[in-house]
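Protein chains: 2
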Amino acid sequence: MKALLIVAHGSRREASNEEVRALGEAVAALPDNAFDRVGCAFLELAEPSIPDGLLQFIEAGATEITVAPYFLSAGRHVSEDIPAEVDKVKSAYPHITVRIAPYLGASAAMPALLLAQGCAC
Amino acid sequence: MKALLIVAHGSRREASNEEVRALGEAVAALPDNAFDRVGCAFLELAEPSIPDGLLQFIEAGATEITVAPYFLSAGRHVSEDIPAEVDKVKSAYPHITVRIAPYLGASAAMPALLLAQGCAC
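Those sequence lines, one after another, are chains A and B. Position one of the first sequence corresponds to residue 1 (the working numbering), numbered consecutively onward. Position one of the second sequence corresponds to residue 1 (the working numbering), numbered consecutively onward.
The following block holds chain A by itself, in its conformation from the complex:
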């Protein structure tokens, strides 16, 4: 069973966390979504944490989990903090495959998305 965990920073502003959860639902509903489950987790300030998000998937039967960092730049959160959180669970479940996808800002499609936003007003 394949699962996708969207990982955002988390905010004191609950509406921002809700935006991420709604995005997760929108990803799950895409017609070309090949993941059996899609969920969200947060590095800090909101629930579930990254380990809790991974554990929920593992308890539901996930065997392959992709972590997708919803971050625009490759700062310490992306390069160190998210891998460290993932490793907490990975080491306890060596039979589960957990991959970390490239962070969002690294997408080759980002320039086109940004240009489209610039033309949207």
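What the hints contain is simulated information worked out from the structure, not anything from laboratory work. Fair warning: there could be bad hints in the mix.
[What the hints assert, rightly or not] One-sided and incomplete, this derived list gives chain B residues near chain A with beta-carbon spacing under 7 angstroms:
1) E19
2) A26
3) V27
4) N33
5) T66
6) R99
7) L114
8) Q117
9) A120
We treat Cβ as the ideally placed atom computed from N, Cα and C, and that holds for glycine.
Using the hints, position chain B against chain A.
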């Protein structure tokens, strides 16, 4: 003359600011880019500031400027701080049209982009 100003938060990590500048160059180079100029500005921690970015365009002859917030959530930076910075220049140049585009995270194409990132590893 139409210009697009990509506005990011700005970071103490110079590589993150360089990422934004490289993104601006990538947007400028897109074959369907209809803006005469594309540039970047930062809310804080990096140069140019938003007013300086706007003024550079105005001095170069821009008459229509679109500000595209490179932000994932609609927090105070997007709802208050960026409009306040834009207004500093807008009020002094009433003959220039300055629009603020929807922030990046609001893009209808975001779920598909995130799914593609999740499949990229």
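Evaluated hints:
Because the closest C-beta pair between B:E19 and chain A is about 6 angstroms apart, less than 7 angstroms, the hint holds. About 4 angstroms separates the beta-carbon of B:A26 from the nearest beta-carbon of chain A, less than 7 angstroms, and the hint is met. The beta carbon of B:V27 comes within 5 angstroms of a beta carbon in chain A, closer than 7 angstroms, and the hint placing it at the interface holds. With a cut of 7 angstroms, the hint placing B:N33 at the interface with chain A holds, because the nearest CB-to-CB distance is about 6 angstroms.
Look at B:T66: its Cβ gets to within about 5 angstroms of chain A, closer than 7 angstroms, so that hint holds up. At about 5 angstroms, the closest approach between the beta carbon of B:R99 and any beta carbon in chain A falls short of 7 angstroms, and the interface hint on this residue holds. A hinted interface residue such as B:L114 counts as satisfied when its beta carbon comes closer than 7 angstroms to some beta carbon of chain A; here the least separation is about 6 angstroms, so the hint holds. The beta carbon of B:Q117 comes within 5 angstroms of a beta carbon in chain A, closer than 7 angstroms, and the hint placing it at the interface holds.
Annotation: interface hint on B:A120 holds; nearest CB of chain A at approximately 6 angstroms, less than 7 angstroms.
In terms of the numbered hints stated before, the structure departs from none.
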